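Student: Top to bottom, those sequences are chains A and B.
Heads up: the first sequence is residues 1 to 261, going by the numbering used here.
Heads up: the second sequence is residues 1 to 353, going by the numbering used here.
Where hints are given, some of them may not hold.
Stated by the list, open to error - Below, in silico cross-link-like pairs of lysine to any residue (SDA-like), each with a Cα-Cα straight-line distance of 20 Å or less:
(1) LYS159(A) <-> LYS233(B)
(2) LYS257(A) <-> ASP141(B)
(3) LYS110(B) <-> VAL181(A)
(4) LYS110(B) <-> LYS257(A)
(5) LYS159(A) <-> PHE320(B)
(6) LYS257(A) <-> ILE245(A)
(7) LYS159(A) <-> ARG83(B)
(8) LYS233(B) <-> ILE248(B)
What the hints assert, rightly or not - Covered stretches of chain B (in silico footprint by chain A; criterion: 3 or more residues with CB under 8 Å from a CB of chain A, positions within the stretch not fixed):
(9) 72-85
(10) 95-101
(11) 106-115
No lab work stands behind these hints, which were simulated from the structure alone.
Only a predicted model underlies this, so the values are computations on that prediction, with no experimental measurement involved.
In this text, a Cβ means the ideal position worked out from N, Cα and C, and glycines have one as well.
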Amino acid sequence: MRDRLIFTGQLLFTLIVAAFLVVPVILSISAGVTVNYFRGISSGVTLQWVFQVWDLYAGTILLSFVIAFAALIVTLAVGVPAAYALYVRGGRLSRIVEEIITLPLAIPGLAIALALLFTYQGFGSFRRSWLFILTGHVIFTMPFMVRSVMAVFSTVDIKTLDEGAASLGASPWRRFRDVIVPNAVPGILAGSLMVVTLSLGEFNLTWMLHTPLTKTLPIGLADAYASMRLEVASAYTLIFFVMIIPLLVAMQMFADKEQGR
Amino acid sequence: MTAVAGHGASVRIEACGKTFTDGTRALEPATLDIARGETLVLLGPSGCGKTTMLRIIAGLELPDAGGRVLFDGNDMTSVPIERRNVGMVFQSYALFPNMSVADNIGYGLKIRGMAQKARAARVAELIALTNITGLENRRIDQLSGGQRQRVALARAVAIRPGILLLDEPLTALDAALRDRLRGELNRLLRALGITAIYVTHDQSEAMELGDRIVVMQKGAIAQIGTPREVYFKPGNRFVAEFIGAANIIEAPVENGHLMLPGGRQPIGGGASLTATVAMIRPETIHVVEPASAPLSGTIDSVSFIGDRQRMIVSGVSDKFITIDAPNTVRAQAGERIGLSIAPDAVRLLPPEN
Numbered sequence: 001m002r003d004r005l006i007f008t009g010q011l012l013f014t015l016i017v018a019a020f021l022v023v024p025v026i027l028s029i030s031a032g033v034t035v036n037y038f039r040g041i042s043s044g045v046t047l048q049w050v051f052q053v054w055d056l057y058a059g060t061i062l063l064s065f066v067i068a069f070a071a072l073i074v075t076l077a078v079g080v081p082a083a084y085a086l087y088v089r090g091g092r093l094s095r096i097v098e099e100i101i102t103l104p105l106a107i108p109g110l111a112i113a114l115a116l117l118f119t120y121q122g123f124g125s126f127r128r129s130w131l132f133i134l135t136g137h138v139i140f141t142m143p144f145m146v147r148s149v150m151a152v153f154s155t156v157d158i159k160t161l162d163e164g165a166a167s168l169g170a171s172p173w174r175r176f177r178d179v180i181v182p183n184a185v186p187g188i189l190a191g192s193l194m195v196v197t198l199s200l201g202e203f204n205l206t207w208m209l210h211t212p213l214t215k216t217l218p219i220g221l222a223d224a225y226a227s228m229r230l231e232v233a234s235a236y237t238l239i240f241f242v243m244i245i246p247l248l249v250a251m252q253m254f255a256d257k258e259q260g261r
Numbered sequence: 001m002t003a004v005a006g007h008g009a010s011v012r013i014e015a016c017g018k019t020f021t022d023g024t025r026a027l028e029p030a031t032l033d034i035a036r037g038e039t040l041v042l043l044g045p046s047g048c049g050k051t052t053m054l055r056i057i058a059g060l061e062l063p064d065a066g067g068r069v070l071f072d073g074n075d076m077t078s079v080p081i082e083r084r085n086v087g088m089v090f091q092s093y094a095l096f097p098n099m100s101v102a103d104n105i106g107y108g109l110k111i112r113g114m115a116q117k118a119r120a121a122r123v124a125e126l127i128a129l130t131n132i133t134g135l136e137n138r139r140i141d142q143l144s145g146g147q148r149q150r151v152a153l154a155r156a157v158a159i160r161p162g163i164l165l166l167d168e169p170l171t172a173l174d175a176a177l178r179d180r181l182r183g184e185l186n187r188l189l190r191a192l193g194i195t196a197i198y199v200t201h202d203q204s205e206a207m208e209l210g211d212r213i214v215v216m217q218k219g220a221i222a223q224i225g226t227p228r229e230v231y232f233k234p235g236n237r238f239v240a241e242f243i244g245a246a247n248i249i250e251a252p253v254e255n256g257h258l259m260l261p262g263g264r265q266p267i268g269g270g271a272s273l274t275a276t277v278a279m280i281r282p283e284t285i286h287v288v289e290p291a292s293a294p295l296s297g298t299i300d301s302v303s304f305i306g307d308r309q310r311m312i313v314s315g316v317s318d319k320f321i322t323i324d325a326p327n328t329v330r331a332q333a334g335e336r337i338g339l340s341i342a343p344d345a346v347r348l349l350p351p352e353n
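Let's have the full structure, built from the sequences with the hints guiding it.
Tutor: Spelled out as structure tokens, the structure:
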């Protein structure tokens, strides 16, 4: 009897917490497919808002993905070799560099954006292009890539593997290609998912850096909330969810698989 | 540098010391010559600098300024490991988890640009040599510790290195397997005729494998010699106690005799001494009739080990002494015992400074 009470209590608590998290999401999404939000769902269900958003913001959504994958390419090309160098070299200098790379985690996105604006205000065409936003995203996501790759390095003792490959005559580049990268795949994948997800959802920094012609998904969302019907903004949220949830699920599945090893 | 199969390179390290960036001195400047084809063992407790010395020879650490590493007379000090043509077996084996056993063994050959067919033949040869037939396509995490050790050895030897470097290759294995692999390793090193430098903290491994042993203590070379020399003629008390069991006796000397509480023990030489520190190995002490014995004492304990029995005896020296007696000797704790030691079995050690 007592056990039942405790179980019921726990279940109730869990459901309340879940509802706390999920109900706003459901409301928001349902608003996106309602004909008239103020009259409620009884006014009918429609996809017109979704299509409208798509018509208005397809370019923004596309640009968001372009930036996310460009950020991924840059963090892979720079972050993985950097992690290798930092981990294998060790010592105080490496610690300092690692701290500097990690710094953007602690600094508010607005501050990073301001710093970038100050630095590049003289470069008009760069300032106006999407590459400027990309720069901000790379700074913001780099620590996630470097950290997750370095975490894997320490679990597989990459330093000894590197020395082993070197003793067999492999040059640093061959070692990196044949031994380091293949054995760091779990960290590289985890880091990649994180970079793409964070880049797609980044608002603070991007809001400061964007121009009317270079908007990303979250900026478009803010725009929609500020200037359009609530249904349109909600439909936008729906699209955002459809885009980002598969990535989050993949990330979670991947983390589970890693723990199962 | 060209390394012909079956013939190693000679190695010379000159004034090689190592101070780490945090200021700790891992290795005092040391000079050492290793002959072509020789197996040299670096032996010592952990932290004695043996691994640092090996890593300097390998090219994984740079010696402090002034130190030089020469292979066959060529200065290799600033040459990175990948261009030294050394084979290395790591304590943790460092096998590549992303490659099969055969790919691990063939990796060095692939780097050297050996054609697929020749490479497969060489890999097969090594798989047979190291007794791991049937494991070619296994993943590394499917191998036992002993099998990993063999793969690591095969991989290091496959490239026909001038020098084979082994860093505690058997330490990660259990005792029975370690003994068996030690024998195999010994035969393999002799068969290859390669120059080998072997790091261990296990003195019986050092004895069995080494042509010469370098005993190291606190970052410095304590003694260099053949296994017999370091065993029978240890240069100091540390070496005597580190290698095998040793009775260390401090006693006054009169007319070429150690004056002990249990009697007078003649020593070979040292007539002018008035006091000394002497080492006597347990198996050189013979049990004789107490009545006519030059030394006598009381048995404190007897442990039967099988091939011999170990007795702890009091009253001979001011400390307990250890005796390895044949397993046929009948003795019990509490009995009087007579002992005899040949004069040349008493090794006089230099005074401690």
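Student: Could you run down the list of hints and mark each one as holding or not?
Tutor: Evaluation of the provided hints:
With a C-alpha separation of about 41 Å, the suggested pairing of LYS159(A) with LYS233(B) is violated against the 20 Å cut-off. The straight-line distance between the Cα atoms of LYS257(A) and ASP141(B) is roughly 17 Å, inside the 20 Å bound, and the hint therefore holds. With a CA separation close to 18 Å, the supplied pair LYS110(B) and VAL181(A) stays within the 20 Å bound. Distance check on the hinted pair: LYS110(B) and LYS257(A) sit about 33 Å apart at the alpha-carbon level, beyond 20 Å; violated.
For the hint pairing LYS159(A) with PHE320(B), the CA-to-CA distance comes to about 48 Å; that exceeds 20 Å, so the pair is violated. At roughly 18 Å between alpha-carbon atoms, LYS257(A) and ILE245(A) fall within 20 Å of each other, so this suggested pair holds. Between LYS159(A) and ARG83(B) the alpha-carbon distance is near 18 Å, which keeps this suggested pair within the 20 Å criterion. At most 20 Å may separate the alpha-carbon atoms for a hinted pair to count; LYS233(B) and ILE248(B) meet this at roughly 13 Å.
A stretch counts as covered by a chain when three or more of its residues have a beta carbon under 8 Å from one of that chain; for the stretch 72-85 of chain B and chain A the count is 5, and the coverage holds. Coverage of the stretch 95-101 of chain B by chain A holds [criterion: at least 3 residues with CB-CB distance below 8 Å; count 4]. Chain A is given as covering the stretch 106-115 of chain B, and this holds because 4 residues of the stretch bring a CB closer than 8 Å to a CB of that chain, at least three being needed.
When the structure is compared with the earlier hints, violations turn up for hints 1, 4 and 5 and for no others.
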